[in-house]
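Here the protein sequences come in this chain order: A and B.
Counting in our numbering, the first sequence runs from 755 upward without gaps.
Counting in our numbering, the second sequence runs from 10 upward without gaps.
Bear in mind the hints are in silico, worked out from the structure with no lab data behind them.
Mixed in with the good hints, there may be bad ones.
Unchecked claim - In silico negatives: residues of chain A with every beta carbon more than 12 Å from chain B:
#1 LYS968
#2 ARG975
#3 GLN1169
#4 LYS1174
What the hints assert, rightly or not - Now the stretches of chain B that chain A is said to cover, found in silico as 3 or more residues with beta-carbon under 8 Å:
#5 51-63
#6 73-81
Unchecked claim - Simulated restraints on C-beta separations:
#7 B/SER83 to A/GLY961: 42 to 50 Å
#8 B/VAL174 to A/CYS964: 50 to 58 Å
#9 B/ASN193 to A/LYS1147: 45 to 53 Å
#10 B/ASP62 to A/LYS1076: 44 to 52 Å
C-beta: ideal position from N, C-alpha, C; glycine also.
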Amino acid sequence: MAPVLILPPALCLSPYGSALHEKPSNLINSSTTQLSSQQQNKMFRRSNTNLTTMRLNSEENIPLSGTTNKQTITENKHKSSSKTQSSSSPGNLRQRSIAWTKNNIITPALSSAHLRRTFSQQNDKPPNTFEEILNTTHRTEREVKASLSKLRRMVLIEGLPEENLPKLAPSVQHLIRPTSLRSKIWKHFLGVYHVSANEYVHLIKKGKSCVYDKVRNDTFRTLATDKKFLERVNEEMLIRVLNALAWKMKSFSTCGNQPITYVQGMNVLAAPFLFTMSEIDAFFSFATFIQTCCPLYVTPTLQGVHCGLKLLDQCLQILDPKLFNYLKSKNLTAEIYALSSVLTLCACTPPLEQVLKLWDFLFAYGVHLNILCVIAQLILIRDQLLEAQSPMKLLRTMPELNAKSVISLTVQLVQQIPDKLYDLLVRHPFDSSVENALKKKNQFT
Amino acid sequence: MSTNYTYDYIIKYIIIGDTGVGKSCLLLQFTDRRFQPAHDLTIGVEFGARFVDVEGKKIKLQIWDTAGQESFRSITRSYYRGAAGALLVYDITRRETFDHLLIWLEDARQHSNSNTTIMLIGNKSDLESKRAVSYAEGEAFAQQHGLFFMETSAKTADNVEESFVDTAKDIYEKIKQGVFDVSNESNGIKVGGHLQPKTLPLNTDNGNNCC
Chain A
755 MAPVLILPPA
765 LCLSPYGSAL
775 HEKPSNLINS
785 STTQLSSQQQ
795 NKMFRRSNTN
805 LTTMRLNSEE
815 NIPLSGTTNK
825 QTITENKHKS
835 SSKTQSSSSP
845 GNLRQRSIAW
855 TKNNIITPAL
865 SSAHLRRTFS
875 QQNDKPPNTF
885 EEILNTTHRT
895 EREVKASLSK
905 LRRMVLIEGL
915 PEENLPKLAP
925 SVQHLIRPTS
935 LRSKIWKHFL
945 GVYHVSANEY
955 VHLIKKGKSC
965 VYDKVRNDTF
975 RTLATDKKFL
985 ERVNEEMLIR
995 VLNALAWKMK
1005 SFSTCGNQPI
1015 TYVQGMNVLA
1025 APFLFTMSEI
1035 DAFFSFATFI
1045 QTCCPLYVTP
1055 TLQGVHCGLK
1065 LLDQCLQILD
1075 PKLFNYLKSK
1085 NLTAEIYALS
1095 SVLTLCACTP
1105 PLEQVLKLWD
1115 FLFAYGVHLN
1125 ILCVIAQLIL
1135 IRDQLLEAQS
1145 PMKLLRTMPE
1155 LNAKSVISLT
1165 VQLVQQIPDK
1175 LYDLLVRHPF
1185 DSSVENALKK
1195 KNQFT
Chain B
10 MSTNYTYDYI
20 IKYIIIGDTG
30 VGKSCLLLQF
40 TDRRFQPAHD
50 LTIGVEFGAR
60 FVDVEGKKIK
70 LQIWDTAGQE
80 SFRSITRSYY
90 RGAAGALLVY
100 DITRRETFDH
110 LLIWLEDARQ
120 HSNSNTTIML
130 IGNKSDLESK
140 RAVSYAEGEA
150 FAQQHGLFFM
160 ETSAKTADNV
170 EESFVDTAKD
180 IYEKIKQGVF
190 DVSNESNGIK
200 VGGHLQPKTL
210 PLNTDNGNNC
220 C
């Protein structure tokens, strides 16, 4: 049935978040030769992070008023699991979040001791649900990797289960948030293992950054017609996160030495994080996402986005030459119709709940796949496009997103991209050398 | 009816100016006759079209609405060349958007056709109490640089129709005088063919017209 099933299991074994870096045909000689040395360093760093925490179990809402500095998630978990629902955990937020978990898929009492026994000691009945995997103690890096790849595959094949998180009164929705499975999964895929309330508060206390006015000018125009989003995320949160990020990025510059501050589009990229996670988790996840997944997408010249658009044209030319040529005959290149879909990783295309599902996939296998996801969206309306006198009218706003059909088509498309081109696709969001490689025009066709 | 609507001319417009001055709202008011207070910011370029009547001619305005932030400048620049009309917009309540006009004008002059008609627009005229740029200043700037000038309100629709139509009138005047080479579509003007709507096959190739 679904084309996703043709993926070999080995596809999910890459240590980096993007297992599809390794195309199926390359997996026999599985190596990291396709990745730049910088990327290898990143992999290495990320592995270290995994080893120090040594468990996939994460995420408690650290209250904004938290007293511990650089409090690691692991520490939190130990405290909370030993005391379960009994009181004396630091702050009301914590208590509530435990209570919520109880209403959720598993009870906190089961969360560690029980599952540790079933997986690590007996080892004959491996964990099978998302929550079970997340609540398992991992002793070696190999275990961590195996679980991550299992999670990726589960995201691809079955998707995250619908969650029934408790509904909160609108007045407190912005302040407290039950921890969703999605927020845990995203943090693992992105490699966010530490969040520090103190650091975030410190960044906020710094006040207005140099991009504050720019940010203010855009935040009220962010998913402004999405009622669900506006209910959950208020403008202040968005301003705080984007302004704090500008401070944090002062000490970070991309490989091309272009500084990251704020460009339009980052407001849209931050939105799904704030919708899914608590503000602190959203901030650190968003920062990690920008730094590691797509730093070149948000440079002042949007270098990575422009490369992505060129790659989109080249991929479409290979995947569907008829459609490519038709659009080209109407002067429609990716730069014209796909800029916002590329820059925002499709977050500009409603509905938001489908965007979240698409992002589950992109975080699992790599954000570079978004380029193919955009192509998949074109192919899904291919007939209409080919019949339209004015395809731009159709492409002005992409049709409503259906994550499932986009993802299964994308997985098929991956197989048809030549290796060299695919390598550029993988690297374009973070490797500035891709720009030069692309200047040799149409070398793949 | 409307899908088979033929035209005498297609004229391409571009809307430029700082981010947040109301470019997209002006376009929406002109094409859909409505104001949308809650809307998303423009990323890259958006597009709209509407027919207007000038001296009995059916003119289709194809309008490219561009993002204002610097990061998108390299993209928006490529739209100047194919535009016969440009609406340069500032916000009368935000002084800095007026101060940046020279930069925009230089950009437009450098990248567009020398015959492009430019209309300077001071938008948000309904916010009189917050006004930071006087009418006289706007008018003086326009005079000094040879631009048309109007204050508009995308919210109340005041002068919106006029700003688009007056620009079209000036361009049509130039067409009549032979200023534009209308055989070259890259000048932003396309002359309508004598197409019979009912016999038009579905896949007729309309040349390089992208919209």
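Which earlier hints turn out false for this structure, listed by number in ascending order? Violated: hints 1, 2, 7, 8, 9, 10.
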